[in-house]
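Student: Full structure from sequences and hints, please.
All residue numbers in the sequence shown are consecutive under the working numbering, ending with 340.
Since the hints were made in silico from the structure, they are not lab data.
Bear in mind the structure is a predicted one, so any value in this text is a computation, not a measurement.
Check before you lean on any hint, since a few could be wrong.
List time: in silico DSS-like cross-link candidates among lysine-lysine, alpha-carbon distance up to 27 angstroms [unchecked claim]:
hint: 1; residue 1: 121; residue 2: 106
hint: 2; residue 1: 121; residue 2: 21
hint: 3; residue 1: 51; residue 2: 26
hint: 4; residue 1: 42; residue 2: 106
hint: 5; residue 1: 271; residue 2: 333
hint: 6; residue 1: 220; residue 2: 309
hint: 7; residue 1: 220; residue 2: 265
hint: 8; residue 1: 236; residue 2: 288
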Amino acid sequence: MDRLLSVLTRAYRVGDLEQSVLREGQRYFASYMFRLVKYTETKHEIQGVGGSLTASLEKELLTALRAKSNRHIPGEVSITPSLVLGAAGGTGDTNLYLAVSMNSGEPFALVERDRFALMLMSKYVSIFYDYLHLIEAKLNEMEQRHGSDEPWLSKLFMQITEKERKRLASDLHDEVLQELLNIRRSVERTSGENSMYESRKDICRGLDNVEFMIRETCQELMPPFISEHGVLHAVSKLVEKTRLRAEFQLEFKTLPITAPISDEQTITIYRIVQELINNGFKHSEARKLTLEVGQEDEWLHIRYKDDGVGMETSRDFSDSNRFGLKGIAERARMVGGSVTLESQPGQGLKVHCALPL
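Tutor: Pasting the structure below:
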């Protein structure tokens, strides 16, 4: 159950929650068939998530649900000959159930320990399920009422994204990478013939590559030196790594930043520079990129220029289909900054970001 709670707290959307619950349920009830079942009261319809129900199971389930005079209480466990259901909340006239059955669909009974686990799982899921439905409904309502020009709403989603990046980087480092290191130690302790020795060398080389890729991914998701050494140091490290793998020349200039910078501003600056460099890799076909970052008066300026293929666009990022450039504009806007863009086909790209300090 601790694992389930950890998974539930990481879900930000109803769809993500459903898939997470499905995975955890199938892991726990591995000897059975585990599904999510949505029951719409007004239409008396059933929708299965994680596997469809057989005709006989669907009929059995509909009969049981129709016979229920009132809605199940979250955590309530219902038993039919071939199904065990845990009520997991719902929204409107649609109820969610966690359903356990035999793979063959034949009659069975869960032991008390597993029934108790299903009850707890259903209670936990109902709390998060109802909460996320409420959040999504409120966000949809606000978007319809105010449109998409509310900076605070974009800011909220950006903060959620950064939190998820940080969590993912932590998971990769603390769990996946550590498991790879354990495998490496086990392989290195193994002794055998020459053929086995060669196999071990191949495995270790593969582990080297995987470990390197995971470390690189962790640093891209959440560079550890941002808070320790400041944003200019972090950007300099990013530029150094880029130069090692880029086919273009990258010039980088800095001006001192004397004003205090919040964590939010630091992340914004780093992500904008990161996205500009990514744009150079993916789209520019440039031979030379120039990047300048630094403080001028009370503003932090980021200037980017390349001699690449350019694009058809106005000065407004909304005319661009490049989601990376749109993301730059959105990040700048949410901290009160501005972005200007100059580009024509065949004439490269210039981007200027001005962020208040």
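Student: Each hint needs a verdict: does it hold in this structure or not?
Tutor: Right, here's what the structure says about each hint:
Between the alpha carbons of residue 121 and residue 106 the distance comes to roughly 23 angstroms, so the proposed pair stays at or under 27 angstroms and holds. In summary, the hint linking residue 121 to residue 21 is supported, as the alpha carbons are separated by about 22 angstroms, within the 27 angstroms threshold. A C-alpha spacing of about 15 angstroms is found between residue 51 and residue 26, which places the hinted pair at or below 27 angstroms, so the restraint holds. Distance restraint check for residue 42 and residue 106: the Cα-Cα separation of roughly 26 angstroms lies within the 27 angstroms cut-off, and the hinted pair is therefore satisfied.
Under the criterion of a C-alpha separation no larger than 27 angstroms, the hint pairing residue 271 with residue 333 is consistent with the structure, at around 12 angstroms. Under the criterion of a C-alpha separation no larger than 27 angstroms, the hint pairing residue 220 with residue 309 is consistent with the structure, at around 24 angstroms. Between residue 220 and residue 265, the direct Cα distance comes to roughly 20 angstroms. Compliance with the 27 angstroms bound is thereby established for this hinted pair. Note on residue 236 and residue 288: the hinted pairing holds, with a Cα-Cα distance of about 12 angstroms set against a maximum of 27 angstroms.
Hint violations for this structure: none, all hints satisfied.
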